[in-house]
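Undergrad: Using the sequences and the hints, build the whole thing.
There are 2 protein chains.
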Amino acid sequence: MYRIVIDGMGGDFAPDEIVKGVHAALEEDPEIFAIIVGDEKKLEPLVEELGLPADRFRIVHTEQFITMDDPPKEALDLKPEASIIVASKLLAAGEGDALVSAGNTGATILAASRNIPRMPGIERAALAAVFPAVKNHPDDPGKTIMLDVGATLHCTPNQLVNFAFMGKHYAAEVLGIENPRIALLNIGEEDTKGHEVLVETHAKLREIPELHFIGNVEGKDIMRGVADVIVTEGYVGNIVLKALEGLAELAFEMGKKAWKKNVVAKMGIAMLAPLIRKVKHRVDYTEYGGAPILGFQKLVVKAHGRSNAKAIKNAILLAKKSAENRMVEMLQHSIKEYYLHMLEG
Amino acid sequence: MYRIVIDGMGGDFAPDEIVKGVHAALEEDPEIFAIIVGDEKKLEPLVEELGLPADRFRIVHTEQFITMDDPPKEALDLKPEASIIVASKLLAAGEGDALVSAGNTGATILAASRNIPRMPGIERAALAAVFPAVKNHPDDPGKTIMLDVGATLHCTPNQLVNFAFMGKHYAAEVLGIENPRIALLNIGEEDTKGHEVLVETHAKLREIPELHFIGNVEGKDIMRGVADVIVTEGYVGNIVLKALEGLAELAFEMGKKAWKKNVVAKMGIAMLAPLIRKVKHRVDYTEYGGAPILGFQKLVVKAHGRSNAKAIKNAILLAKKSAENRMVEMLQHSIKEYYLHMLEG
Chain A
1 MYRIVIDGMG
11 GDFAPDEIVK
21 GVHAALEEDP
31 EIFAIIVGDE
41 KKLEPLVEEL
51 GLPADRFRIV
61 HTEQFITMDD
71 PPKEALDLKP
81 EASIIVASKL
91 LAAGEGDALV
101 SAGNTGATIL
111 AASRNIPRMP
121 GIERAALAAV
131 FPAVKNHPDD
141 PGKTIMLDVG
151 ATLHCTPNQL
161 VNFAFMGKHY
171 AAEVLGIENP
181 RIALLNIGEE
191 DTKGHEVLVE
201 THAKLREIPE
211 LHFIGNVEGK
221 DIMRGVADVI
231 VTEGYVGNIV
241 LKALEGLAEL
251 AFEMGKKAWK
261 KNVVAKMGIA
271 MLAPLIRKVK
281 HRVDYTEYGG
291 APILGFQKLV
301 VKAHGRSNAK
311 AIKNAILLAK
321 KSAENRMVEM
331 LQHSIKEYYL
341 HMLEG
Chain B
1 MYRIVIDGMG
11 GDFAPDEIVK
21 GVHAALEEDP
31 EIFAIIVGDE
41 KKLEPLVEEL
51 GLPADRFRIV
61 HTEQFITMDD
71 PPKEALDLKP
81 EASIIVASKL
91 LAAGEGDALV
101 SAGNTGATIL
111 AASRNIPRMP
121 GIERAALAAV
131 FPAVKNHPDD
141 PGKTIMLDVG
151 ATLHCTPNQL
161 VNFAFMGKHY
171 AAEVLGIENP
181 RIALLNIGEE
191 DTKGHEVLVE
201 THAKLREIPE
211 LHFIGNVEGK
221 DIMRGVADVI
231 VTEGYVGNIV
241 LKALEGLAEL
251 AFEMGKKAWK
261 KNVVAKMGIA
271 MLAPLIRKVK
281 HRVDYTEYGG
291 APILGFQKLV
301 VKAHGRSNAK
311 AIKNAILLAK
321 KSAENRMVEM
331 LQHSIKEYYL
341 HMLEG
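Taken in order, these protein sequences are the chains called A and B. Residue numbers for the first sequence, in the numbering used here: 1 to 345. Residue numbers for the second sequence, in the numbering used here: 1 to 345.
The hints are simulated quantities; they were obtained by calculation from the structure and are not laboratory data. Since the model is a prediction, treat every value here as computed from it, not as a measurement. Some clues are possibly wrong.
Put simply, identical chains are the same to the list, so a pair is met inside one copy or across any two.
As the list claims (entries may be wrong) - Okay, derived cross-link-like pairs now, BS3-like style, lysine-lysine, Cα gap no bigger than 30 Å in a straight line: (1) K220 <-> K193; (2) K310 <-> K204; (3) K336 <-> K257; (4) K256 <-> K321; (5) K193 <-> K321; (6) K204 <-> K73; (7) K220 <-> K73; (8) K135 <-> K220; (9) K193 <-> K89; (10) K89 <-> K220; (11) K220 <-> K257.
TA: Written out as structure tokens, the structure is:
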């Protein structure tokens, strides 16, 4: 059994959709044991109503929780028994194999950083985003992982190399991408582009035989599926990710507006509906489960704040897959080899 | 008369489309005098064929020029008489009021930096991008200017404040936006978000009464028209701009692919054609003329490398407008006031 710890109180639709998602995950995968952290007065009626099998879950009670709008630092200090802190401590104590939270992103990263030990050799945690990219051949999984997108604003070359390893193993062991192509996000393709940290990172990545490093990529390449893993510092990754999400949302809104205003456009959009559904399905976060927070001794999956039951179920399945395929152990092995090679010179 | 210096040899369609663009600009605006820099053996037949009025232009001859693919530094060193260098020197010598080039972006920025003095008080130049944003009310010009997008990779707070002033005056005197709203691109809206440079920049911008500073904006806000001027360092601006361009291009390609494959989708797209044309018109660089390179004692307008005659004409009209509305003088005045206030404490 794989023991997945779930923050029962985190997310816009907690605890209802969280518990429904747990229920769906338990039904779909018999190897999951759920540890739901939160207020038992709220969780127990839901669990009973849905009929969760008694031997497949337990509730760890705590009354405190962090809301989506709480300032992370202050909230964590004021609520030492918040569900995300209790959940992180369970993981640190070896009582769970991975953690899923749909709560406040900043608080999730900070609670994990404060309570779960980082993997030896990893200097900083990274929040990764998984998004759909162009499929360049029939077997192409059409997924790109970009990290960091907000956990570590500025990075040293060694930290960016850490991220490359973290991205590689998430892509390989959780997303099932063989020998993932790794790229560095930069302002141009040439090896010497960008500021010192990027030039030095590029040179380091080139020298590591365990990494399938394909060089620099530019902003325009992000959605094109030219790389499976795109490495960048959190400051840039965060702004780029939100810019892309913002443009996609804007295009969608403009389509809706035209729909309301214009009869011919309305017919046109109706005829394109199957195509639009296809695209929408591909960028639907409920299908992808969540964003991994990497660098700790256990995987933390940050599900979207607006997660419904399906999104929670998929986040739990991702978390389980990481444990099943021993992602953390594989990453630990790679990192160890990297440092040993480096020491040998 | 406003004397606009034009690199006659820069751009994918030089010199033909450049000279045609000059011709169109002279026809549209009687106050423009064109100084075309380039190979007279190539320029003169074009000028004659189009019948440019002899008292409205002159050619400054040079045989050397930089191609679009030349590495900027090496090319400028190898070709000291390259048209963009000669053009920059004319500006520096006071023989022109503004400069337009559709050539190699890196070479244009570098040639300007080496030859045209920066404005006193301005530490670094910035390349700005002007793009269409959502119109939030009927009088909204629907344009946003983002700077820097690639001239200065990393910036100090004072340099970012310089950029805010530069963006303000380009928006006001060239784009005609009254009291432009200025924002800082950041990872969150709160005043204390981001790394030290951003926090310090935010605090400085808040204190300057001449700037209509509206606070931080996130990546998702870029296209929404929430600000007229978005300030960022070149490293982030470049990656974000290319990411947005890349996604727009990808969406366009996906539409074309669907068009070829699917009859119903084809009819749908045909019905949407007027809408698509409207959107395309708004993002059409030939309408916008070019990206200003700001910070020098004269304005440099970088037209797109793929510029046709219409794009060149619009770039020349922008350059003339900057001279006519005394953009550089207004900016100089603002910067002086800023430093004087600062000295007064």
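Undergrad: If a hint holds in the structure, say so; if it does not, say that too.
TA: Right, here's what the structure says about each hint:
1. K220 <-> K193: This pair counts as both: shortest intra-copy Cα distance 16 Å, inter-copy 27 Å.
2. K310 <-> K204: neither (40 Å within a copy, 46 Å between copies)
3. K336 <-> K257: For K336 and K257, the Cα distance exceeds 30 Å both inside one copy (54 Å) and across copies (46 Å).
4. K256 <-> K321: neither (38 Å within a copy, 37 Å between copies)
5. K193 <-> K321: For K193 and K321, neither the intra-copy (37 Å) nor the inter-copy (35 Å) Cα distance is at most 30 Å.
6. K204 <-> K73: Between. Shortest inter-copy distance 25 Å satisfies the 30 Å Cα cut-off; intra-copy 34 Å does not.
7. K220 <-> K73: Intra 35 Å, inter 24 Å, cutoff 30 Å: inter-copy only.
8. K135 <-> K220: Classified as both; 16 Å inside a copy, 25 Å across copies.
9. K193 <-> K89: between (42 Å within a copy, 28 Å between copies)
10. K89 <-> K220: neither (41 Å within a copy, 34 Å between copies)
11. K220 <-> K257: both (27 Å within a copy, 19 Å between copies)
Hint violations for this structure: numbers 2, 3, 4, 5, 10, all remaining hints satisfied.
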